[in-house]
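Visitor: Sequence:
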Amino acid sequence: MTNRGDDAAGPVPVDRVTAGVTAGATAGVTVAALVAVVPVLVLHVVGGGSIDPLARTVSDYVAVPQGYALLAVSSAALAVAGLLVAVAAWRTRLPGAPVLAALTAVWVIGLGLVAAFPTNVDGAPADISAVVHRWGGALVLGLAPVLAMVVARGLAARGTRPVLLVRLTVATAALDAAFLLSHVPIVVLGSPGFPLLGLVERVLYGLVIVLLPVVARALRRGSVAPAPGPHVTAPAWAPDPGAPDPGAPDPGAPDPGTPDLGTTVSGPAADVVR
5 MTNRGDDAAG PVPVDRVTAG VTAGATAGVT VAALVAVVPV LVLHVVGGGS
55 IDPLARTVSD YVAVPQGYAL LAVSSAALAV AGLLVAVAAW RTRLPGAPVL
105 AALTAVWVIG LGLVAAFPTN VDGAPADISA VVHRWGGALV LGLAPVLAMV
155 VARGLAARGT RPVLLVRLTV ATAALDAAFL LSHVPIVVLG SPGFPLLGLV
205 ERVLYGLVIV LLPVVARALR RGSVAPAPGP HVTAPAWAPD PGAPDPGAPD
255 PGAPDPGTPD LGTTVSGPAA DVVR
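Counting from 5, one number per residue, gives the positions in the sequence shown under my numbering.
Derived by calculation from the structure, the hints in this document are not laboratory data. Treat the hints with caution; some may be incorrect.
Claimed, not checked - What follows is a set of in silico ranges between Cβ atoms, one per label pair, in the way DEER data are often shown: (1) L200 x G28: 37 to 45 Å; (2) V214 x D131: 32 to 40 Å; (3) V167 x D131: 38 to 46 Å; (4) H48 x G28: 45 to 53 Å; (5) R157 x G52: 35 to 43 Å; (6) A106 x R20: 27 to 35 Å.
Since we're looking at a predicted model, the values are computed, not measured. Even for Gly, the Cβ is constructed at its ideal location relative to N, Cα and C.
Start from the sequences and build out the full structure, keeping to the hints where you can.
Guide: In structure tokens form, the structure reads like this:
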């Protein structure tokens, strides 16, 4: 199988098919991100009276009617968005595209674990399903900024500066690290979470959802830039190869050293001519 990653520096021009695929992937990622948000918003409305959004995580909405199905839809939409980003990076020969594809596969597996294994109901002891759910969630949240970082590094290798992508990735990674580290006492010691655990998770969840379309747009902009060619300065005047040399003698003109016999010569030279 051909490695689509191109380690050469500089933007790479793409054909119309690849440009169309990239544009379609960008639109698809945006739609998928919106689809991922809708079920979560519905769960907040349905479970508003039973779940505290500041203290409880989004996964706790599994106890709400149809909560399991709605959370699965949100996870599936995020998986589709991640796969579309990987396809766009592969088609545009982004440096690091194979690494991005492998990380995306792990990310999709994490989303599958989150959807297939629900967390425990509030107050119930954590069972195997809840433990698997937590590890799947750690993969999803932990790998999201890593995926964006791989794309940002690939674009930087081509001379593109995705400023918005880099800033959003750094913000997501910082909040992500704080959120995941706060779960160490919960998972290891079984201690309760801090009071604003739900709020921090929702902010992080929103950053991940926004990050996906930003990554797709950065890929699209980086793929359509023309490759820079060598800079050649044309001279102010260039001779025409087909034009006659102005310094060369005219073959039709008489030799200046030979006298013209058809011309009247007077003076001493006239005797010589006679």
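Visitor: Now, for every hint given, state plainly whether the structure supports it.
Guide: To see whether the hints hold, each was checked on the structure:
no. : hint                    : result
1   : L200 x G28: 37 to 45 Å  : holds (39 Å)
2   : V214 x D131: 32 to 40 Å : holds (33 Å)
3   : V167 x D131: 38 to 46 Å : holds (45 Å)
4   : H48 x G28: 45 to 53 Å   : violated (31 Å)
5   : R157 x G52: 35 to 43 Å  : holds (41 Å)
6   : A106 x R20: 27 to 35 Å  : holds (29 Å)
Hint 4 from the earlier list is the only one contradicted by this structure; the remaining hints agree with it.
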